[in-house]
Amino acid sequence: MSDEKSGRFGHQVMIGESFVGSGPHAAHINTVLGGRGTAAETAWATALATPRAGFTPFVTVLRPSLPVKPLTLFVNKAEVRGDTHAALTWGAAQAGVAGGVADAVAEGIVPAEAADDLLLIAAVWVDWAAEDAEEVYRNNRAATRAALAAGVAGAPGIAEVLAARDQVSNPFFTPAGPGRQTGADPGEGG
1 MSDEKSGRFG HQVMIGESFV GSGPHAAHIN TVLGGRGTAA ETAWATALAT PRAGFTPFVT
61 VLRPSLPVKP LTLFVNKAEV RGDTHAALTW GAAQAGVAGG VADAVAEGIV PAEAADDLLL
121 IAAVWVDWAA EDAEEVYRNN RAATRAALAA GVAGAPGIAE VLAARDQVSN PFFTPAGPGR
181 QTGADPGEGG
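Numbers 1 to 190, taken from UniProt numbering, label the letters of the sequence shown in order.
Hint data in this document are derived by calculation from the structure and do not stem from the laboratory.
Virtual Cβ for every residue (Gly too), placed ideally from N, Cα, C.
Only true hints are included.
Pair by pair, the computed Cβ-Cβ distance ranges are:
#, residue 1, residue 2, range
1, 153, 174, 25 to 35 Å
2, 163, 107, 20 to 30 Å
3, 156, 39, 19 to 29 Å
4, 17, 45, 17 to 27 Å
5, 79, 45, 17 to 27 Å
6, 169, 131, 17 to 27 Å
7, 112, 176, 42 to 52 Å
8, 49, 159, 35 to 45 Å
9, 39, 134, 34 to 44 Å
Build out the structure end to end from the sequences listed, making use of the hints.
Below, the structure is given as structure tokens:
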């Protein structure tokens, strides 16, 4: 691994985001990847040690007693509600996150030689209306890999962000207009 890449993985915190799929089976993943001794380690340990009702962070496994590397803390963004939602969160979504992390390492997005020195937080949305475990799995696997790739690359770049400022939208809302007033003085009120 180059000194530049080695330094990036050892000392920086890399944040990624990805949304894959549509409807209740879509996956929305946020990742925080950083080295031991960084703010990522503090956040990882704090989140693991402070569960609350409906939100229980846990170490993501490829199978029982085989945690994925980098060690990944699964943090659910939707309160666990009912047996189906619990099974999808702890089953299909967890498996998807584990597979996506392993894919990112296998593909060199996250260097294998750095995996033992890194910690990952994956914040994961599983919709309460989701029912199809295979689709939840596939979407979470793809979204996790994509979020890690974006975080490592520092994507999006500021040019992409600025180019999109007049086309703001997400799966839950698209404004009728560009969402900003042109030529208005922000201090004018009204």
